[in-house]
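There are 2 protein chains.
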Amino acid sequence: MEITANNPNRKTWLTVKENSDFPIQNIPFGVFITKDDIITIGTRIGDFAIDLGALHQLGYFEGIPLTDDIFLQDTLNDFIADGRKTWRLVRNRIADVFDVKNSKLRDNAEHKDKIIFRMEEVEMQLPVSVGDYTDFYASKEHATNVGSLFRDPENALLPNWLHIPIGYHGRSSSIIPSGTPIRRPVGQSRPVEGSNTPGFGPSKLLDFELEMAFITTVANDLGERIPIEEAEDYIFGLVLFNDWSARDIQAWEYVPLGPFLGKNFASTISPWIVTLDALEPFRVANPKQVHEPLPYLKKEGNDSLIFIYKWQFNQKALLKPWFVILILNTCIGRWHNS
Amino acid sequence: MEITANNPNRKTWLTVKENSDFPIQNIPFGVFITKDDIITIGTRIGDFAIDLGALHQLGYFEGIPLTDDIFLQDTLNDFIADGRKTWRLVRNRIADVFDVKNSKLRDNAEHKDKIIFRMEEVEMQLPVSVGDYTDFYASKEHATNVGSLFRDPENALLPNWLHIPIGYHGRSSSIIPSGTPIRRPVGQSRPVEGSNTPGFGPSKLLDFELEMAFITTVANDLGERIPIEEAEDYIFGLVLFNDWSARDIQAWEYVPLGPFLGKNFASTISPWIVTLDALEPFRVANPKQVHEPLPYLKKEGNDSLIFIYKWQFNQKALLKPWFVILILNTCIGRWHNS
Chain A
0 MEITANNPNR
10 KTWLTVKENS
20 DFPIQNIPFG
30 VFITKDDIIT
40 IGTRIGDFAI
50 DLGALHQLGY
60 FEGIPLTDDI
70 FLQDTLNDFI
80 ADGRKTWRLV
90 RNRIADVFDV
100 KNSKLRDNAE
110 HKDKIIFRME
120 EVEMQLPVSV
130 GDYTDFYASK
140 EHATNVGSLF
150 RDPENALLPN
160 WLHIPIGYHG
170 RSSSIIPSGT
180 PIRRPVGQSR
190 PVEGSNTPGF
200 GPSKLLDFEL
210 EMAFITTVAN
220 DLGERIPIEE
230 AEDYIFGLVL
240 FNDWSARDIQ
250 AWEYVPLGPF
260 LGKNFASTIS
270 PWIVTLDALE
280 PFRVANPKQV
290 HEPLPYLKKE
300 GNDSLIFIYK
310 WQFNQKALLK
320 PWFVILILNT
330 CIGRWHNS
Chain B
0 MEITANNPNR
10 KTWLTVKENS
20 DFPIQNIPFG
30 VFITKDDIIT
40 IGTRIGDFAI
50 DLGALHQLGY
60 FEGIPLTDDI
70 FLQDTLNDFI
80 ADGRKTWRLV
90 RNRIADVFDV
100 KNSKLRDNAE
110 HKDKIIFRME
120 EVEMQLPVSV
130 GDYTDFYASK
140 EHATNVGSLF
150 RDPENALLPN
160 WLHIPIGYHG
170 RSSSIIPSGT
180 PIRRPVGQSR
190 PVEGSNTPGF
200 GPSKLLDFEL
210 EMAFITTVAN
220 DLGERIPIEE
230 AEDYIFGLVL
240 FNDWSARDIQ
250 AWEYVPLGPF
260 LGKNFASTIS
270 PWIVTLDALE
280 PFRVANPKQV
290 HEPLPYLKKE
300 GNDSLIFIYK
310 WQFNQKALLK
320 PWFVILILNT
330 CIGRWHNS
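Residue numbers (numbering that gives the first Met the number 0), protein chains in the order written: chain A, 0 to 337; chain B, 0 to 337.
Just so you know, the hints here were simulated from the structure itself, not pulled from any lab data.
There's no promise every hint is true.
[Stated by the list, open to error] Pair ranges (Cβ atoms, derived):
id, chain 1, residue 1, chain 2, residue 2, range
1, B, F281, A, T179, 36 to 46 Å
2, A, G222, B, F281, 50 to 60 Å
3, A, T179, B, R189, 37 to 47 Å
4, B, P190, A, E228, 21 to 31 Å
5, B, R189, A, I227, 21 to 31 Å
6, B, G222, A, K113, 36 to 46 Å
7, B, S194, A, I225, 26 to 36 Å
Fair warning: this is a prediction, and the values are worked out from it, not measured in the lab.
Glycine is no exception: its CB is placed at the ideal position from the N, C-alpha and C atoms.
Hey, can you work out the whole structure from these sequences and the hints?
Okay, structure coming up:
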């Protein structure tokens with residue numbers, strides 16, 4: 000099925016700023032509370048929040064097989080479980096409803112009043128109920144930087160990194176929407192030279208990591224493998240992920256079982272899930288690998304996505320921008336939502 | 000409130016073998032499917048499964064504030080969320096109903112037929128829906144053994160182990176009831192000396208670990224700490240936990256982020272949750288610590304439980320019994336269920 004929603008020439012009848020992150024070609028999915036305290040699944044075009052529950056109730060998804068309450072939910076889990084065909088039909092229809100040439104909703108003031116809100120009128124929620132979450136060490140530059148920070152700068156990248164996706168399980172219950180206030184964690188740090196007593200108190204080395212998180216759908220049964228060619232079928236979309244890190248706590252506790260309290264006090268995600276479909280035009284060739292991958296990790300085609308982040312430094316110290324350009328192989332970063 | 004269910008002199012009118020793990024003083028909680036395909040929360044006395052949903056419907060919990068459907072569930076999560084006072088009232092009442100001196104159910108054949116099953120007539124399920132799961136490296140002997148196996152036998156125990164509870168997040172979606180068939184995992188192993196290509200295939204070093212898991216209830220809000228004196232209030236009960244481990248996969252992948260694919264293909268738990276209340280008589284003094292713990296980890300009293308396991312070797316090789324006697328501080332082993 001064609002992804003008509005990606006048509007780069009489409010214009011919308013909504014007013015969208017030139018440099019908006021939410022042009023009519025994006026159509027992400029999220030969950031918000033309206034000023035009338037109603038929770039709904041929605042999308043965003045420009046600075047407008049679109050209530051998909053209301054859009055569905057008013058008949059705009061006619062012909063697409065959807066249950067009546069599919070958008071009247073406090074998480075996207077059920078919609079995501081419906082699978083890629085449904086995601087694509089819904090996204091294509093939204094693009095069509097808001098197309099500058101489509102007058103059906105554009106000229107219906109009463110419907111528009113029920114469906115369209117300004118972003119400042121709604122409160123964004125966590126978009127999914129997260130069942131499990133896996134954090135992959137997917138950037139070679141990041142793995143090298145962290146290796147230099149915690150271990151030997153001469154042998155910063157460990158040999159296994161070049162052969163297998165290195166990852167660990169994170170705490171899913173501390174994933175919260177971006178903007179939620181976070182309390183600086185308290186914990187132990189390495190004893191100073193000559194002492195046998197660890198330090199204890201609020202972290203003095205609070206750091207962040209800019210990552211991409213993949214929201215996956217119901218996948219394999221326990222014991223069944225997913226071939227690498229099919230891995231993408233299970234990815235619904237992506238969010239920005241900020242893995243807040245207390246580096247002093249992490250440096251003392253992380254051997255031999257990996258990061259724990261230095262990482263699990265909070266992880267923030269952007270509330271809009273950008274679909275993998277919407278990112279199709281942004282595929283690039285994979286980075287060249289040092290060693291030939293083993294067959295089960297080898298796949299033809301362009302599986303990487305390139306993101307360029309712009310940000311402003313508003314902290315003078317301790318916040319280290321690990322990535323400016325982040326390249327992730329979509330087949331290795333997985334984040335379970337079910 | 001007194002734990003009358005723990006009365007060591009109580010006898011039951013049910014026939015229970017002398018050396019049963021399920022005397023009237025145990026009264027664990029679990030979930031099972033009856034031969035009529037009905038799922039219910041239950042308990043076990045001797046080799047009898049007791050349907051608590053039926054017991055409740057027939058009025059045996061009169062006077063205890065419980066919702067009508069509290070036991071007609073496929074997990075214990077809601078019952079556990081009701082808190083310790085409710086757990087204790089329910090357990091005390093069950094002990095009373097099955098007391099040899101109580102004729103109410105004993106002499107009602109029709110009720111007994113609806114409430115009591117033989118264990119072979121029911122199929123045990125996973126007792127809780129697991130939200131997050133944390134694996135603590137709680138045994139000094141085990142940490143020393145594994146350190147010798149993977150690293151330097153001379154410095155097997157790392158310095159941090161003596162100061163902080165070392166732990167990591169596990170994969171909650173691969174926790175399954177004991178007895179479920181498990182597929183041997185396939186993965187990479189360390190390249191042989193002189194080669195640059197890792198091994199790949201079914202694990203040749205499949206191992207198990209015998210652990211205790213603590214099922215906890217709804218606890219602190221994000222950012223709020225639980226003082227060590229209150230930590231036990233959040234523990235509902237304990238299960239045996241078998242952390243299946245592919246040691247060859249683990250040895251290659253575990254630096255620097257800890258165990259991952261070598262551990263997350265399956266973890267099995269015993270289906271009956273033994274309450275912390277039932278284990279009160281088995282408290283022992285804590286093992287002496289090498290260093291004085293920091294104040295936030297210090298607590299007076301007997302917080303340890305002692306378990307002695309008996310088992311038979313039915314595998315000639317590769318299955319290493321890490322523990323014969325396992326001592327766990329109840330305050331550091333935590334396993335989230337919500």
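Going down the list of hints, with the structure as the test:
1. Evaluation of the 36 to 46 Å hint for B:F281 and A:T179 yields a pass: the beta carbon distance comes to about 42 Å.
2. Hint check: A:G222 to B:F281, Cβ distance near 37 Å, so the stated range 50 to 60 Å is violated.
3. One distance hint, 37 to 47 Å for the beta-carbon pair A:T179 and B:R189, holds here, with the actual separation near 42 Å.
4. Range check, B:P190 to A:E228: Cβ separation about 26 Å, and the 21 to 31 Å hint holds.
5. A C-beta distance of roughly 22 Å is found between B:R189 and A:I227, which places it inside the suggested range of 21 to 31 Å.
6. For the pair B:G222 and A:K113, the beta carbons lie near 37 Å from each other, so the given range of 36 to 46 Å is met.
7. Checked against the hint of 26 to 36 Å, the pair B:S194 and A:I225 passes, with Cβ atoms roughly 28 Å apart.
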